[in-house]
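With the sequences and hints as input, model every part of the structure.
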Amino acid sequence: MDKLGRLDRMVMKYVILAAVFILVIFNYQHIFAGLRELWDIISPVVYGFVFAYILNLIMVMYEGFWFPETDNELLIRARRPVSILLALITVIIVIVLVLWLIIPQLISLVQTLLENLPLMVEYIQRWIEDLEEIYPQIDTLINNLNINWESIARDAASFANNILGSTFTTFQLLTSSLFRLVVILVVAIYALFSKEKIQRQVKRVLRAYMKRDHFRRLKYVLRVTNESFSSFITGMLIEAIIYGTLVTVGMMIFSFPYAGMIGALSGALALVPMVGAILSAVIGTMLIFVQNPIQGLFFLLFNIVLQQLESNAIYPRIVGGSIGLPGIWTFIAVTIGGGILGPAGFFLGVPIASVIYKLIRSNVEYKEHYYELDHESELTF
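Residues in the sequence shown are numbered from 1 upward in steps of one, following full-length UniProt numbering.
These are calculated hints, taken from the structure and not from any lab test. All C-beta atoms in this analysis are idealised placements derived from N, C-alpha and C, irrespective of residue type, glycine included. Misleading hints may appear alongside valid ones.
As the list claims (entries may be wrong) - Here are the simulated distance ranges between beta carbons:
{"no.": "1", "residue 1": "215", "residue 2": "17", "range": "23 to 29 angstroms"}
{"no.": "2", "residue 1": "107", "residue 2": "252", "range": "36 to 42 angstroms"}
{"no.": "3", "residue 1": "180", "residue 2": "217", "range": "31 to 37 angstroms"}
{"no.": "4", "residue 1": "356", "residue 2": "293", "range": "43 to 49 angstroms"}
{"no.": "5", "residue 1": "312", "residue 2": "70", "range": "18 to 24 angstroms"}
{"no.": "6", "residue 1": "180", "residue 2": "204", "range": "28 to 34 angstroms"}
Structure, rendered in structure tokens:
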């Protein structure tokens, strides 16, 4: 009877799983819509904990400097609030410094582009007409395309006016973003103040509802994950500083304009693997091209060479080395992660690959150790 009871429960469990699976298949659109709405609600909280995790790396550094040997109760109680405040000030200073270097030049670039857009279209039209005289075949190709240059110029001017006139939409977006930013900041500060308490609570819940062996394995996986992600973030910051410095110094050597601004932008965007360097190259080329087209082309060539150095030498060695992932696997992780998850995959692919690499390596070493013991015992017999 006991065996029959277990069999009935097993059959019932699989029947329920099959019913749930069928419901998901036939209602996946409503389920995905509900999940998107749920994500919109909880995403500020999730981002708050992510920001707290990043901020914790800086906070721990300041806690190590804040009178580590003192017995003064007041100084000990002030360690966490002061360290959180200093970590926030550090992040704000870096962001303000980067924006101070970037935004004025970007505004000047956009204004210059909008003012000169009709002239640029006219210049391209004249260049094509001159080219048609040299190569008559191009004239036939252009006529078949039916390009209306006057319409393009009018559409470009209309597009510029629409961008400049969308003040109300911009205000709504800023208001919503400001509210989410406040929620993220509040959650992050609370998480940092209560991180030990949160860790104890999570540990108690997992220990209460998990088997001891499963809890031990999960704790090991979480420890490896924490080590990989913290090392990855630290390595990315170092890599961004090095890349931004190389761009700035190289631009100064070759007398390119906007060296400080483009160098700061390149360092900031280098935090987004692969894509960030391309974006900074495009923006920098546009900035310089407006002022001097020949220098803009030379800067593009300079950036292509520097990106090859960054993607094949700096990034794999610094970021991959800091997390214990070989250079080839770092490159594969960025490629696959970006292909699956897009921009987020460029950032998350490397630490996730590092976690998988370390777990597999540890498991293989464990199995090899016991295989050798079993093999020795067989030889003994």
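Do the hints match the structure? See the list:
Taking the beta carbon of each, residue 215 and residue 17 are about 25 angstroms apart, inside 23 to 29 angstroms as hinted. The beta-carbon spacing between residue 107 and residue 252, approximately 23 angstroms, falls outside the hinted interval of 36 to 42 angstroms. At about 36 angstroms, the beta-carbon gap between residue 180 and residue 217 stays in the expected band of 31 to 37 angstroms. For residue 356 paired with residue 293, a C-beta distance near 47 angstroms keeps the hint of 43 to 49 angstroms intact.
At roughly 48 angstroms, the beta-carbon separation of residue 312 and residue 70 lies outside the given 18 to 24 angstroms, and the hint is violated. For residue 180 and residue 204, the hinted distance range of 28 to 34 angstroms is satisfied, since their beta carbons lie about 31 angstroms from each other.
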